[in-house]
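These protein sequences, in sequence, are chains A, B and C. According to the working numbering, the first sequence holds residues 1 to 164 in order. According to the working numbering, the second sequence holds residues 1 to 762 in order. According to the working numbering, the third sequence holds residues 1 to 291 in order.
Any given hint could be a false lead.
[As the list claims (entries may be wrong)] Once the Cα atoms are required to be at most 30 Å apart in a straight line, the calculated DSSO-like pairs of lysine-lysine come out as: (1) K666/B - K40/C; (2) K64/B - K54/C; (3) K40/C - K54/C.
Keep in mind the hints are simulated off the structure, nothing from the lab.
As a plain string of letters, each chain reads:
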Amino acid sequence: MCDMRSRTISFTLNGRPVTAEVTPHQNIVEMLQTQFALFGARESCGQGLCGCCTVLIDGKPVSGCLTLAIFLDGMELITIEGLVASGRLDPIQQAFIDCGAFQCGYCTPGFVLMTKALLSQNSDPSDAEIRDWLSGNLCRCGAYPEILSAVKTAARAIKRAATG
Amino acid sequence: MTETNVPAKQVNRSIPRIEGRDKVTGRAEYAHVMQVPGMLHAKIFRSTVPHGRILRVDTTAARKVPGVCAVYTSEDVLRVIPNPYYGPAFHDQPILAIGKVHFVGEPVAVVLANDPHVAEQAVQEIVAEYEELPAVYYEVEAAENKVVVHDELKPAGTFADLKHLKGRKGTNIALDFGLRRGDVDQAFVSAAHVFEHTFRSQKVLHLALEPFASIADYNDGGVTIITSSQGPSFVRSEIARLLGWRENRVRIKVPYLGAGYGSKLYIKMEALAVALSMLAQRPVKVALTMEEQFYTITKHPCTLRIKSGIDKDGRIVARQCTVWWNGGAYADVGPRVTQKSGFTASGPYDIDNVAIDSYALYTNLTPAGALRGFGVPQLAWAYESHTDMIARALGRDPYEFRKQNLLRDGRQQATGTILKDAAIDKVLDRIAELLAWSSPFDRGTGTVRRGRGLAVAIKAVISPTTSVAIVNVAADGSTTLYCGTVDMGQGSDTAMTQIVGEILNVPAEAIRVVPRDTDVTPYDMGTLGSRSLFHMGHAVHLAAEDANAKIAALRRELGEPEGSNTPLPELFRKKYGMQAGNIIGTGTYRPDYIPAEAQGLTPNATPFWMIAGSGVELEVDTETGHVRITRLITVADVGRPINPKIVESQLSGAALMQLGFSLFEKMHVDGGQVTNASLADYKIPGIHDVPPVMQNETVEAHQNNGPFGAKGAGELGTFGVSPAIANAIDDAIGVRLTELPLTAEAVLRGLRAKDNRPLGDV
Amino acid sequence: MIPFELIEPSSLEAAIAQIDPEDPQVRPIAGGTALTLMMKGGVFRPRRLVSLRKLGPSFTQISAGPADELVIGAMAPLSALEYSAEVRRHAPVITQAMRRLANVRVRNVATIGGALAHADPHMDLPPILIALGASVDIAGPSNERSLAVEDLLTGYYETALANNELITRVLIPPQGAARAAYFKITAGSADDWPALGIAVVLSATGAQVTAARIVVGAATVKVARLRAAEKALIGTNADDKTLTDVAEAATSEVDIIADIRGSASYKRELLHVYVRRAVRAAIERNGAPRV
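Okay, chain A solo, but in the shape it has when bound (with noise of 0.2 Å):
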């Protein structure tokens, strides 16, 4: 008895409940590229350690690119594509273009993800909280203060719209 074919796999893809036939050992990354064609979400070092890769699954980042996309079934799946509600960009994206938060683009994705699973659970994170929290994402162009204050921007801004 062996099962390698295909499988079924049912989840929520940002907001939408979607299907998708995985073998076992694709990853996330490559089932959202080959089946859904979202690219925001990229394997660089393939070890888990840049955070190009980052998700959310259930709400909480993993790695894509180290995750198995049949462990995806009945979760919710969060991608960066999956934030820019009905055109509009989250506050956590209008704050890295403010404050120039990337360069190349290429790790963007995955701290603004990161720092949205971040806000959600600490709405005001210190410093040192926040790089804690980021210390998992490469950015090979450097552009790590200009992201501390994006995560500070992000967090003052949405402490703002939420008091009104």
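Got chain A; can you put chains B and C on it based on the hints?
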């Protein structure tokens, strides 16, 4: 349409980068993740020996793996490209190894399949046998020519100064550049003090987060290559040359580039992708993994011996530099590094007698090429450490000693070129000011000691190079810019729109920049060496002015009174009867240049000088050697910045990248094998490595021959970091390190050696 | 990665039954981070993976046991430990160490059982667990047993587990008034695998140290308890002279291995320095400061 709220100036404005939305939404496309219908995936089988004759490559088992479409070696490549050697300076690099392999990781064979996993699996089934040959890894040893990497040198003919090397055998020296000014031997004899030191820097690499990727789609009519490249024009001309085609049958498209830092230049995967597409008669994608980047292109490790003669008044009267550049198995752009940076090896100092010998060496390692700084960080590592050591040995303040000897405008640089618009003085002074250099500094008395250091450096922009730009004004007045400079995050697109906007008097944000596509974007030498803002900036400026001139001509043609401000769309309607037509302005820029003669001297070495320096404050844990940078200062002369915020991010980003090269990055090589070819074992700076205080500034300056007084900024932040740190370590604990990286272990070994309690060897 | 079979049993017994003890190409998969890396690197080519994700909530629970021991389900992700109030109450040294352990994404997925079964000698958690006196409950096809974590980790990526045995729980005895510290020393970038990890858990009455466990990670073939160092410390008041003796004992009793993060001589120096610093930090109740 009229723009009523146009700010007075478009330049010197910190407008947000124009591509921001694409990047933060993940919509930006990069070659590494792009797909072309019907494409095959390529996986590469690589050499496991550093130097050897290929006895056989057995692909039988690989071909039998289900799902494999084809397996190719150089035998197949030769059928479609009879002379498959490429390179900017030497045509020495084969598309797939022919007869010999010259470094571990050299591509030997390729598997094509619809599924990249299948291709990878099949690569494991390929077997190769080599007759191993002796290998050489160290640059100084390579110069002795006892073990020779290549049987014969093959200069490309693109550079006149390499022609004399054609056909040479029995040597690893790909270029020897010499500069002689005055008489160093005589000056050393009469000097009051003579100092000589040797410095070494290590093999590191760019590690752009988007690894190399090229997708080639060949048919008899032409070939289209989507590729991650900083220089699409060169790719086009080189591929055309390899195929024996007119250039206009080759189309190079560059989507967003996930960084390059100099790695994605000349030919990387493009020629291989084309050959494979020709053989398979289908589009082929060659996309490397992060690990494979270690087998593609790196920085030049360097040994530099530097000797200075000082007179009794503390003036540097002579400086002799011997530089050995470790170019790896293929020359790539190494010979250019050797010469174009070589001639600044004596540093930003006013020295009457200078001798420089700069050698590009072949070794059996991954090829070395251009990496942000183009050799200047290695040179500055040596000369700014050396200059500091001299100052300390003479009991002089390192800042004052530099100030006494600094080059100033109006004086001759080592090549004999008179310095113009090079604010070295201002940069050095500002670094010292930010460090509060004249104030007492508490170095501490406990196990943690503190120190500070500074360094200042000079670079010449590579010359001569050409840039062409097109500005297209549509019938509604909207403007589109076509230029081949690749924006890889350094903000070139944004800066160019600001220049065009300034000339055409439209907001920069309203100008569209077309993605790079050699079918539409005209020639550019390449996005490298901090040349684009100046060269393409001029071309863009000229193109916008040409468009303006044509608009003015249109006004006159239509009989508009002098000084009329009839909106542009109305002019088009008047001329064509409807919203139709274009006004197209073009601009071409190539600076003046006088090539160096035999002694390496020339009165016009470069159209502009890059000047930058660093200041560092740090702490050293004397029990562990651990260094903590508490302040990192970068000061630069960029003329008048077109976009100050982008300039600042370039200074900062470059400094952080160089921090990694200074403190911990190193490719570990054992018997020619890279033993840390992954991000798990080759660490690059993360957010916790950012010093608590970073200050990035530009000095008040104006580049008189630059577009709106500006010049390049991309590399500046790299120059002074390494020596400033070593100088600060010396300041803190009296230990002088002469080899990079400056790891905690290296610092502790230095401390213990000084205390006569040396650490064990292993 | 080559195709393999994936099975997702919903009970421990079913999971164990699926693993053929003689077939190295059949392995259990927990969070999957370590295993996926090995598969991508071609180091491990599975025929079948037995997922442990659906064994049930008891395997992810973190709670206090009847004797106030800390009971952690083997499938609890590291992030659950990081945010657990029970863990913070019992062993705040774990909570503090989590800040710099791997990264957020790995912690969301990697499990404590998986980490221990992987037995990578560079990890942060094993030295801490050993210093806390932790043990594991193990289930096999026909029996259950317990092992001290110290005895579980037998060698370089080697454990005392049979191929078809699974860790079910990790137990940490009540710590009472014991004080703990963990130092992670990195040699490359600030965020890296440790070049050296030192965990210290000690008890003191007044100024006198009455009990101590000192454990080193990342510098030896497997995580090592420094018993001679412990002996040199117990019964003393940990003054400077004693700490030097403790450090000497520590560096003499283990075989330090060089790697790209440091030569053996250098790591020995680090051990010497950080044994002292970690003991001092534990005594002063500084917790687990990062370096």
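Here is how each hint holds up against the structure:
{"no.": "1", "hint": "K666/B - K40/C", "result": "24 Å, holds"}
{"no.": "2", "hint": "K64/B - K54/C", "result": "38 Å, violated"}
{"no.": "3", "hint": "K40/C - K54/C", "result": "24 Å, holds"}
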